[in-house]
Each structure stands twice: as C-alpha cells, then as structure tokens.
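Enquirer: Sequence:
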Amino acid sequence: MSVGQDADIAGGTVRPAASAAGPEATAFPAVPLAPATPLWAGLLTVYRAQLSRVRVSRVPLLFVAVFQSVGIMILMRGVVDTGSDSAREAVVAGSSVLVVAFVALNLLAQHFGALRAANSLDYYQTLPVRPAAVVLGIAAAYASFTLPGAVVTAVIGAVMFQLSLANLWALLLVVPLSGAALAGVGAVCGLLAPRQELATLLGQLGMSVALLLGVIPADRMPWAIELGRDVLPSSYGVDAFIATYGSPDWASFAANLAVCAAIGVVMLTLATWAFRRTARD
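Just so we're aligned, residue 0 is where the sequence shown starts under numbering that gives the first Met the number 0, counting upward by one.
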C-alpha cells in the first residue's frame, strides 16, 4: 500500500488519508449531473427503450389478454339476457376495456413493483430525464400494445352479440385515455407497495374489479356497488364505448372521455410523486 493511504481492513474498504495540506486537499470535487432533457424528449427516449424491451413479449401478452376477454364474453353469452341492448353492449365494451386493464394496470403494477424490489429505480435517477418522463414513458410503452387486442375483442364481441361495428373507430380515443388512467393507477400501486408481492396482488385485484364492474350493466347493480363503479377509472371508458352503440350519444361519449383524461392526469401526477418518493428512499 502506498504512502498516504490507510487501509481499513476491518471494514473492507480503502480510504485515502488526509495529506499534510489537510483533508480538503484530497477531497473529490463534486461533479454536477447533466441537466435534465425537456419532458417530451425524455418521454420519447424512455418510451422507445421500454417499447423495444416489451416488444419481445407482446405476442404472448396480447394473446393472454384477448383470450381472457373473449372467454369472459363467451361465458356471459350464456347467462345474460341477449334481448337487452344494455346488457349486450356492457359485456362487449367491458371486455374490450378489460384488455387495457390487464396490461396497463395489472402488468404495470407488477413491473414497477419489480423495479422497486431490485433497486432499479436508482438507474433512472441517474439518467438526465425527468421523473414524469420515466413514468409516462414506461406507462405509454405498456399501454401501446393494448389497442390491437381491444379492437380484436370488440370485433369478436360485436359478431357474437349482434352489435354494430360502425363506430369501432371510437376505440382510438377510448383505449389511450382509459390506458392513461389505468396505467397511473398501476404505477402508483407498484411504486407505493412496500413489497413486490403486494404490488402483484394489488394489480390482480384492480384487474378483477375492472372485470366485475365493467361487464355488468350499471342499471343492474346495487346502489352501493354502483358507487364503487363510479370510482373505477375504466368505468368511464366502458361507458364512453357503450355510448357509441345504437343511436350514439356523442355528448355522453365526450363527457366520459373527459373524465378519463382528468383521472389520467391526476393518477400519472401521483405516480410521478410516488416515483420521486420511492427513489429517494
């Protein structure tokens, strides 16, 4: 060992000793971090990186999500009143949005829970991107794969329940806005859950609630459960899609999408706060 160094054998570390000029002479200068990139640029960077990562598993994810939703429709086909327009529309719309809930809520909660358990959030803290860009980029990457599955589910459901396909384009608005709201919920669950197993449990419970409250017509629910449905973000996406069937109610469609967008902003803001809080711990 060279002169001027003191080996701390017991602690397993080597520390530079103070020189004759004093401890300030050997202190390492503070290196400032690179300035954060603009929010939009950072979001695109994180989104592309996560998109290439998730792309490997997109086919199995979409298959499981679509298979699950179609299975629910087949089950409901045998128990619902097919003569009721509201029942048929609720089953198809709820099953289509369930694809979004499976990926954006359930899988995103598991992903953030795994990142926290592995202390991988520290890596994102070292990047010159804002916390909001990290949360939005990861959430957008997961939600991007839900649109094809939701469209396939809606087409199969429309054929199965004799519904019109004329306004299927509405999913181009329903899926992103519902996905934003549900992704925010999933990110909050994954980031604030103290253990990875609890994050997985919360994601599964959230998806189950979206399933149970999404495919049942609101007018057939007890009053107390209907209040719980009003709290669930995906319910507004379901109601917006239902409004496009039959004689479309575009005012209801726009109002429900506006609520979805507002909830998405609130939940993604909360997820950004949770990311900062968790990364500092």
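Honestly, I wouldn't trust all of these hints.
Beta-carbon label-pair distances, calculated as ranges [to be verified]:
1) Phe66 - Arg276: 19 to 27 Å
2) Ala217 - Ala253: 14 to 22 Å
3) Ile224 - Gly77: 40 to 48 Å
4) Val78 - Asn118: 42 to 50 Å
5) Ser163 - Pro127: 28 to 36 Å
Hints listed in this document are in silico derivations from the structure and should not be mistaken for laboratory results.
Just so it is clear, CB atoms sit at the ideal spot from N, CA and C, and this is done for glycine as well.
Enquirer: Run every hint past the structure and note whether it holds.
Expert: Against the structure, the hints:
For Phe66 paired with Arg276, a C-beta distance near 37 Å fails the hint of 19 to 27 Å. Distance hint for Ala217 and Ala253: a CB-CB separation of about 18 Å, consistent with the stated range 14 to 22 Å. Separated by about 23 Å at the C-beta atoms, Ile224 and Gly77 break the suggested range of 40 to 48 Å. For Val78 paired with Asn118, a C-beta distance near 47 Å keeps the hint of 42 to 50 Å intact.
Ser163 and Pro127 have their C-beta atoms about 49 Å apart, which leaves the hinted 28 to 36 Å range violated.
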